[in-house]
Structure formats: structure tokens, C-alpha cells
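Novice: Residue-level listing of the chains:
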Amino acid sequence: GAGVSQTPSNKVTEKGKYVELRCDPISGHTALYWYRQSLGQGPEFLIYFQGTGAADDSGLPNDRFFAVRPEGSVSTLKIQRTERGDSAVYLCASSLSYGNYEQYFGPGTRLTVT
Amino acid sequence: GIQVEQSPPDLILQEGANSTLRCNFSDSVNNLQWFHQNPWGQLINLFYIPSGTKQNGRLSATTVATERYSLLYISSSQTTDSGVYFCAVGNNQGGKLIFGQGTELSVKP
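If you read the sequences in order, they're chains B and Z.
So in this note's numbering, spot 26 of the first sequence is number 26, and the numbers just go up one at a time.
So in this note's numbering, spot 89 of the second sequence is number 203, and the numbers just go up one at a time.
In case anyone wonders, no lab produced these hints; they're calculated from the structure.
Take the hints with a grain of salt, since some may be wrong.
[As the list claims (entries may be wrong)] Pairwise CB distance ranges (calculated): (1) Z:GLN117 x B:ALA55: 17 to 25 angstroms; (2) B:SER87 x Z:THR194: 37 to 45 angstroms; (3) B:GLY53 x Z:GLN169: 33 to 41 angstroms.
[Claimed, not checked] Far from chain B, some chain Z residues (derived; all Cβ distances over 12 angstroms): (4) PRO122; (5) ILE126; (6) GLU129; (7) THR134; (8) ARG136; (9) GLN156; (10) ASN159; (11) LEU173; (12) THR176; (13) THR194; (14) ASP195; (15) GLN215; (16) LEU219.
Quick reminder that beta carbons are idealized off the backbone N, C-alpha and C, glycines included.
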């Protein structure tokens with residue numbers, strides 16, 4: 001079956017602009033996670049959803065970052081007033097349910113802020 | 115929070131050689147996954163192994179949860195095994211995974 005998909009694959013934006021990154025999880029997976037990976041580092045947790053609600057947003061770096069999952073499937077990560085330090089690969093993962101279930105990752109969106 | 119350390123940070127092998135990658139973690143876990151990140155950045159699931167031993171072809175993994183470490187074994191390495199190997203753990207603080215810094219493997223022909 002289809003895996004986790006993310007769009008766009010690449011996004012270049014100017015400092016100060018607003019961006020939206022989309023994640024489409026594996027069908028039937030109720031838990032969805034966002035991570036961010038900087039060059040040479042392991043992915044770092046941002047936020048996760050169980051269903052429509054954000055169960056843990058402790059990894060969001062500041063209030064310029066926000067994510068939604070209005071219908072419990074597709075999720076959008078929104079970044080306002082982008083800064084050059086936001087440049088990274090944003091990864092999305094999904095799992096069957098919340099907790100100790102195997103997570104499957106999408107291909108990521110490479111965000112470059114100029 | 116929980117700390118994850120992977121060793122070695124870099125590894126260069128000749129094709130056909132065997133290797134062992136290690137992952138140490140600082141607290142009890144109830145989720146542990148090994149991933150291979152290919153040159154295009156895709157994280158490929160290798161093992162979901164919070165405890166015990168699993169094998170899949172040339173790869174196998176063992177997690178000793180009571181001693182807080184996991185090992186990934188690669189036998190008869192191939193050039194396509196090159197890339198970064200990540201260990202990631204989760205505990206009772208929800209479903210998030212905490213990743214190590216990775217081991218960058220290069221297999222030479």
C-alpha cells in the first residue's frame with residue numbers, strides 16, 4: 001500500500017514569508033508525527049497528533065510554528081515569518097495508534113529560507 | 115529527557131565485511147527502532163525491537179532493555195548498505211521518538 005507522502009518535496013522561500021508543509025499519512029493510521037532534521041543531525045521531534053488533537057506539541061521551537069489535522073488524516077505544518085534558521089528537512093511519520101507502535105516516515109520536505 | 119548515544123559515529127568497510135553498530139540509551143524504553151537513511155534522505159525501517167532479537171536477511175538486531183543498549187549487525191556488507199543508520203527510542207512520555215546522532219557507514223567496492 002501507499003506510504004506516508006509529503007508535499008512539496010522542496011520549498012525555497014524568502015525570510016519573513018509564510019509556508020505550509022503537507023503530510024498525508026498511511027491510511028488507517030491514527031497517530032501522526034512531525035520531526036525536523038538539520039544537516040548532520042538526527043531528526044528532532046516537533047509535535048504529534050492522535051486523531052485530530054495535538055497530543056504533545058512540546059517540540060515546537062516557538063509560536064511561529066503551528067500544525068493542524070482537522071479531519072484526523074492529512075496534517076499541515078505552518079511556519080510564519082520564516083527565518084534562515086528554519087532551514088531543514090521536515091519529516092512526517094505515522095503509526096497505527098498512539099504509543100508503542102512502529103512509526104513510518106515520509107520522504108520529507110526540504111525547506112530553504114533565503 | 116532520555117539520551118541516545120550511537121557508536122561509532124563513522125565506519126568505513128570493505129564490501130563483504132561484517133559490522134556491529136551500537137545504541138545506548140539512558141532510561142527504560144518501550145519503543146526502539148533502527149532506521150537506514152539512504153542518500154536521498156528517506157528513512158527506511160529496519161527493525162522495531164524494544165526487546166529481544168530479530169533477523170532480516172543480512173541484518174539482525176538485539177536489544178537488551180535491562181542493560182539499556184541495542185546492537186545492529188550487518189553481515190556481508192554491500193555498497194548499497196552505505197548511508198546513515200539511526201537508532202530511535204520512545205518511553206512512557208508519549209509516542210515521540212528520540213533519535214541518536216547516527217552512524218555513517220560507507221561500504222567500498
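Novice: Hint by hint, note whether the structure agrees.
Specialist: Each hint tested on the structure:
1. Z:GLN117 x B:ALA55: 17 to 25 angstroms: Since the Cβ atoms of Z:GLN117 and B:ALA55 sit about 23 angstroms apart, the hinted range of 17 to 25 angstroms holds.
2. B:SER87 x Z:THR194: 37 to 45 angstroms: Violated, since B:SER87 and Z:THR194 (Cβ atoms, about 29 angstroms apart) do not stay within the stated range.
3. B:GLY53 x Z:GLN169: 33 to 41 angstroms: With Cβ atoms ~38 angstroms apart, the hint holds.
4. PRO122: The claim holds: Z:PRO122 sits with its nearest Cβ about 15 angstroms from chain B, beyond 12 angstroms.
5. ILE126: 17 angstroms, holds
6. GLU129: Given that every Cβ of chain B is farther than 12 angstroms from that of Z:GLU129, nearest at about 25 angstroms, it holds.
7. THR134: 19 angstroms, holds
8. ARG136: Non-interface label on Z:ARG136 holds, nearest chain B Cβ at 15 angstroms vs cutoff 12 angstroms.
9. GLN156: Z:GLN156 is in fact no farther than 12 angstroms from some Cβ atom of chain B, at 5 angstroms.
10. ASN159: 6 angstroms, violated
11. LEU173: Z:LEU173 is indeed farther than 12 angstroms from all Cβ atoms of chain B, at 16 angstroms.
12. THR176: Since the minimum Cβ distance to chain B is about 17 angstroms, Z:THR176 lies beyond 12 angstroms and the statement holds.
13. THR194: The assertion about Z:THR194 holds, with a minimum of 18 angstroms to chain B.
14. ASP195: Z:ASP195 clear of chain B: closest Cβ-Cβ about 19 angstroms, beyond 12 angstroms.
15. GLN215: Z:GLN215 is in fact no farther than 12 angstroms from some Cβ atom of chain B, at 5 angstroms.
16. LEU219: With a cut-off of 12 angstroms, Z:LEU219 remains clear of chain B, as the shortest Cβ separation is near 15 angstroms.
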